[in-house]
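Top line first, the protein sequences correspond to chains A and B.
Quick note: the first sequence uses the numbering used here, first residue 1, plus one each step.
Quick note: the second sequence uses the numbering used here, first residue 1, plus one each step.
Fair warning: there could be bad hints in the mix.
Claimed, not checked - Here are some chain A residues pointing at chain B (derived, C-beta under 7 Å):
id	residue
1	ILE78
2	GLN144
3	ILE215
Keep in mind the hints are simulated off the structure, nothing from the lab.
Just so you know, these numbers come straight off a predicted model, no measurement behind them.
All C-beta atoms, glycine included, are put in the ideal place defined by N, C-alpha and C.
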Amino acid sequence: MHIDKDFYAGVRGVVPILIGVIPFAMISGVAAVSVGLTLFETIGISVIVFAGASQLVVYQLMSAGSPWIIMVLTAWVINLRFTMYSATLAPYLQKLPLGQKALLAYMLSDQAFGTSMSYFIGNEKVSHRWYYFGAALTIWVAWQISAVIGALLGALVPASWGFDFAFPLSFMALMFGALYDRPTVAAALVGGSVAVLARGLPYNTGLVLAIFLGIAAGYFLESRLPRKEIAQ
Amino acid sequence: MSALSIWLLFVATGLGTFLQRFLFIYLFGKIEMPYRLRRALRFVPAAALAALVFPALTHPAGHLDISLHNFRLLAGLGGALVAWKTRNVLLTILVGMALLWILGAVFGT
Numbered sequence: 001m002h003i004d005k006d007f008y009a010g011v012r013g014v015v016p017i018l019i020g021v022i023p024f025a026m027i028s029g030v031a032a033v034s035v036g037l038t039l040f041e042t043i044g045i046s047v048i049v050f051a052g053a054s055q056l057v058v059y060q061l062m063s064a065g066s067p068w069i070i071m072v073l074t075a076w077v078i079n080l081r082f083t084m085y086s087a088t089l090a091p092y093l094q095k096l097p098l099g100q101k102a103l104l105a106y107m108l109s110d111q112a113f114g115t116s117m118s119y120f121i122g123n124e125k126v127s128h129r130w131y132y133f134g135a136a137l138t139i140w141v142a143w144q145i146s147a148v149i150g151a152l153l154g155a156l157v158p159a160s161w162g163f164d165f166a167f168p169l170s171f172m173a174l175m176f177g178a179l180y181d182r183p184t185v186a187a188a189l190v191g192g193s194v195a196v197l198a199r200g201l202p203y204n205t206g207l208v209l210a211i212f213l214g215i216a217a218g219y220f221l222e223s224r225l226p227r228k229e230i231a232q
Numbered sequence: 001m002s003a004l005s006i007w008l009l010f011v012a013t014g015l016g017t018f019l020q021r022f023l024f025i026y027l028f029g030k031i032e033m034p035y036r037l038r039r040a041l042r043f044v045p046a047a048a049l050a051a052l053v054f055p056a057l058t059h060p061a062g063h064l065d066i067s068l069h070n071f072r073l074l075a076g077l078g079g080a081l082v083a084w085k086t087r088n089v090l091l092t093i094l095v096g097m098a099l100l101w102i103l104g105a106v107f108g109t
């Protein structure tokens, strides 16, 4: 099989980021076991879903005893960002057979997207699909191996350590990464406050309501602000 | 949860996530993502993550607890400071967990 040199450029491009990916994947493995998943189930969700933040959301909601449909809906909402990535990446992945498009789409991650897009700007002659494939596959392999290691270690972590607190802490770090102007801060403040106030609503529906009101708040504020105060 | 409902949960979550990743790669040249949708989507991470974080700090035991006895709230605020300054997931977890354990060891009953 022919492997383009730009594949290796993609691999090299994400290697520095693995310092963040590997511990996060290990934590997701530990977390999966801490809510009662078996090693096989942990591998199952890591391969089938392959989206760290939404996997942690599912674990947190499982430990809270949330209904099935709320877990699925909340995970989908968390992963809505992928539609943005997908739309941005689409021009670079055309002229491929459908199956290869589907495979490259399945491997889409925050890190593969971010690394590829920043490399594509200023490197017009690169084989975009090979670079992205190298980046995405490297992240995927590192994620799966680290999640298994985490799941094996997780069996050794006693529940009394309060490891479930790692969920909100990891979401918090991701949240601050998503705050870059006043409308995004407004989205977070409204989303978080409504989630606290609407916590008593039946079937955990307050969570989904809070997310949509947060989005609405950010959208509304953005449309009222002068352009220069909005991150482009 | 039964083993079957756990696997159905994975498949439903995974299928929806795959469609989100694949949709606009597949639709490229056929349908553009609407401008208003693109604008709204940029607020999803901030709103969704905050909606998960806030109640986990204010309702650690299932009921509202805004007090100095709520160690998760205090440790979470410490973690928030680290998250704000560094945006580093691992460091935030380490500092937040360390604060929770220290508070529990020193002031816990």
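Worksheet item: Any of the earlier hints contradicted here, and which numbers?
Response: Of the numbered hints, just 2 does not hold.
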